[in-house]
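**Q** Hints are included, so try docking the two chains, each in its own frame, into the full complex.
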Amino acid sequence: MKAVAALLDGIVLGLQYGLLGVGLTLIYGLAGVVNLAHGQIAIFGAIMASLLMGAGWAAVPAAIVGILAAAVVLLILDLTLMRAVYRQHGEHRILLGLLIMLGVGFIIDGYLNWQHPIEVLTLRIGGDPVPILGVNMRTGSLLASAITIVAGLALVMFFQLTTLGRGVRSVIQDEQGARLVGINPSSVRTFVFALSGVLAGLVAVTGAMTAPQASDFGVKLTTLALIVAVVGGLGSVSGAFLAGVLLGIVDRFASAYIGQFYTTVILLLCAAFMIVLRPSGLLGKST
Amino acid sequence: MSLLEVRGVSAGYAGEDVVHAVSFHVDPGEAITIIGSNGAGKSTLFRAIVSMLATTSGTTMFEDRDITKLPTHKISRLGLAYVPAERHLFPRMTVRENLLLGAFPARPDPAREEFVFEVFPRLAERRKQDAGTMSGGEQQMLAVARALMSQPKVLMLDEPTTGLAPRLAREAYGALARLRDAGLTLVVAEQQVPLALELASRGYVLENGRFELEGTSDELAGNPDVQRAYLGVA
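Order-wise, the sequence lines are chains D and A.
Note that my numbering gives residue 71 to position 71 of the first sequence, counting from 1, and the numbers run on in steps of one.
Convert by adding 1000 to the 1-based position in the second sequence; the result is the number in my numbering.
Bound conformation, chain A alone (with noise of 0.2 Å):
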């Protein structure tokens, strides 16, 4: 049983879809990826998985209930957690109190709080900081380690690496495999695809708002367009 199925979704704005019936799934411990360059649809997609955007046609389902028409909060609570690249933080809160937050309603559970700070050593040297002074490097990891906070079921994450230095992305996508191997179902959409493709076991590539291939990630590196389009081979 898949844990999270898209059917045939479009989205879009003003009334132009942007994505076009796209349809894919992730089984329970699995991470898989979605390649795309710059305005292929990527955040459009997630956006409309979590209701931050209305879908124009087809469905969602999550754990085999319709999520399609639920909203964005409800949809958190179910354990479908979203990243957004944009990652929305809460600027003039502390570090912890953005994790306590992650953990809304429920009060934090301090083992959990405990693992996150594991995976995310930084963080708990920065927990008194106000979230909007950090680096951009630490601002993706507390917003990786808020959406932690609720034990979601599925993570998704939108180009975790954006404006990060080559080293700093390696580091994300090393906490990243942390949490695939302890379980974590993920989702990631990237540019940075070899690091992708590295973490995830299967991948699609999202052009023009369209799959335009899917496979192993084996498969994809393998791939020619790949290779040309986005793993810098000639």
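One chain only, chain D, in its complex shape (with noise of 0.2 Å):
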């Protein structure tokens, strides 16, 4: 029984593990940028949404707002100082980009703990919990998995079925080919920022329907986020799902049966293993 609850809670988790590894990926992907202000960002959404809902707000236009808002902090990244690191090329773009995001990630963190240090986001989903295989699962557990499930699959048929879809992973997958198409790469570049964001929302909205997001959660997702997308193959939204999903299992096995305090240990094992033994990840391409 134990094991059945380790292994849906895991399934729980993992999907939102892997929305925020795509949230990550895709940046990583397009930009050569690896956000590590990720996880800040989709918290920075969940307090504005907590604090919109304190004046009085209704939860679901207050998490509407909230995401929106982790959007607007990626859009604007991408239009001032991101502008300085497209600009460099190779390893020289990495390194300004990872600085500049952990900088940022610092700021939105500082932000937080100075004028919101106790604001916590929490979305009470009602409802009787509801047996899964013999196990009560909660409907806030429930909601946030299809809603991720939802957001999943609509990415993926965005990507497969649109234009815009196409276009985006064209310029991941040759940038030159995309402008030789016609398709501008800077354009491409902000449309995903503001996706990212919405997605670094998503986690954070969703992840208030299962348990508190606090204001201090932001260098925790940005961790885990990189160690999805590292599992999943950097640049692979596949990849990083399927990663989300595997590590949410791994996580919530290694908590059940070895210890709470050694799980983010465990899982940042799992990314070390595979830059090892598979360096392009799960799905990721192989050169």
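By construction, these hints were calculated from the structure, which means they are not laboratory data.
Among the hints, a few may not be true.
Chain D residues, not near chain A, derived (Cβ > 10 Å throughout) [said to hold, decoys possible]:
1) 56
2) 92
3) 115
A short, non-exhaustive set of chain D residues, derived as facing chain A with CB atoms under 7 Å [as the list claims (entries may be wrong)]:
4) 170
5) 174
6) 177
7) 179
8) 180
9) 182
10) 183
By construction, the Cβ of each residue, glycine as well, lies at the ideal position given by its N, Cα and C atoms.
**A** Here it is, written out as structure tokens:
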């Protein structure tokens, strides 16, 4: 029973991890920027939602504005600080992007810690627990998973079936080739930054349906996003989702059988082993 | 009126010009060739025309419009398509997806897709295969086919036969001749000079970044220097 519960909890958590990893992997694939502020931006959205609810807003509009707030942060970064990064190439670009995003993460963390240290986003979803395979699952967990699955499927369909989605993939695979067919990589990048922000906000909001999202959770989310993206293969959307679900299951089993304290270390080990054994990740490109 | 007119274009890398004040033009419906050995500057010239490389001087006019400073994607949308020797396909996408992107941002015209598959029947058989897993010859066909999807006014090709076996090279030129006969304006850079002169009505010889010779294909084929350097005539 304990194993079944760990498995189901793992899938719920893993879907969240997947969404987290996709947001990071997209920006890396498209812009060569490792967004070390991804988790902080997610939490920024959550805290905005929480503040709005505190001001009397209903949960749904507050959550939507919170998600959009996360998107706006990344949109502004793309249009301002990232311009300096895009002028660099290769290692320089990766390093500069890394440093700037690290700084942005500190700033958001510092701001939240200073202004809203005890703010927490909790979205209570009513209803009795639903028994699945003999395990009582909370409605919040089920709703969060349903939203995440829908978002994941929508993303996959967007990338496979729409002109813009294919355009995004083309820039990830060959930026010069994309230019040659008439795609402006810079506009695609701006779009993907905003999309990644929406995904970050969505992680925090759906996360708040299962557990309170505190203002100091950002760094942990960034770490998880990085682990998921590495295991899934940087730049691979489906890889990130697969890695997220697998790591979510590993996380819950480790927590149930070894101890909560060790789970992050075990996840980091998974990422480290992945780099040693299969540097391109689960579904990453082989070169 | 020339469709594409290059006026005194110089360009290069790291502050050093590789192409020096090159001028040429191509009229609607014409096929021309730019002949040159490795390192003569053919790719540099093309890259400068489509703004993949900044020019240091000169202007490029397309349909009487100055496109010298226009970014690559806008030049492509105007109808000046370029197929580089490295092809720049999308390796982890299928043949069909590569073609669909060729029509970006428009929805691909089904009649156009049919035409492209008619010119390159092998691509029709492989439409679900990933571009990166195809042979060099097939990738070359796909690169040309992808460029055709946007119904360009001018198609510029950089060494379309690089790495192809002689039989495939002839096949590729057969397809290009069909496109020329259908009215497409072509600019082809080549080292495979016999094939290029057969396709084109005029040509230029590029050496060390400068045009050393120009003339009709017959004139070039009859020129002793060209024969010695490119046609293997002793």
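**Q** Now tell me if each hint is right for this structure.
**A** Hint check results:
1. Distance check on residue 56 (chain D): its Cβ is at least 43 Å (rounded) from any Cβ of chain A, clearing the 10 Å threshold; non-interface status holds.
2. The non-interface label for residue 92 (chain D) is consistent with chain A: the shortest C-beta to C-beta separation is roughly 16 Å, beyond 10 Å.
3. Residue placement check: residue 115 (chain D) keeps its beta carbon more than 10 Å from all beta carbons of chain A (closest about 42 Å).
4. The beta carbon of residue 170 (chain D) comes within 5 Å of a beta carbon in chain A, closer than 7 Å, and the hint placing it at the interface holds.
5. The beta carbon of residue 174 (chain D) is positioned within 7 Å of a beta carbon in chain A (closest approach about 5 Å), and the interface hint is therefore held.
6. Proximity of residue 177 (chain D) to chain A holds as hinted, the smallest CB-CB distance being about 3 Å (cut-off 7 Å).
7. Look at residue 179 (chain D): its Cβ gets to within about 4 Å of chain A, closer than 7 Å, so that hint holds up.
8. Given the 7 Å rule on beta carbons, the hint for residue 180 (chain D) holds: about 6 Å separates it from the nearest Cβ of chain A.
9. Annotation: residue 182 (chain D) was flagged as interfacial toward chain A, and the flag holds, the nearest CB pair being 4 Å apart, inside 7 Å.
10. Residue-level restraint check for residue 183 (chain D) holds (minimum Cβ-Cβ distance to chain A is 6 Å; threshold 7 Å).
This entry satisfies every hint, going by the numbered hints stated previously.
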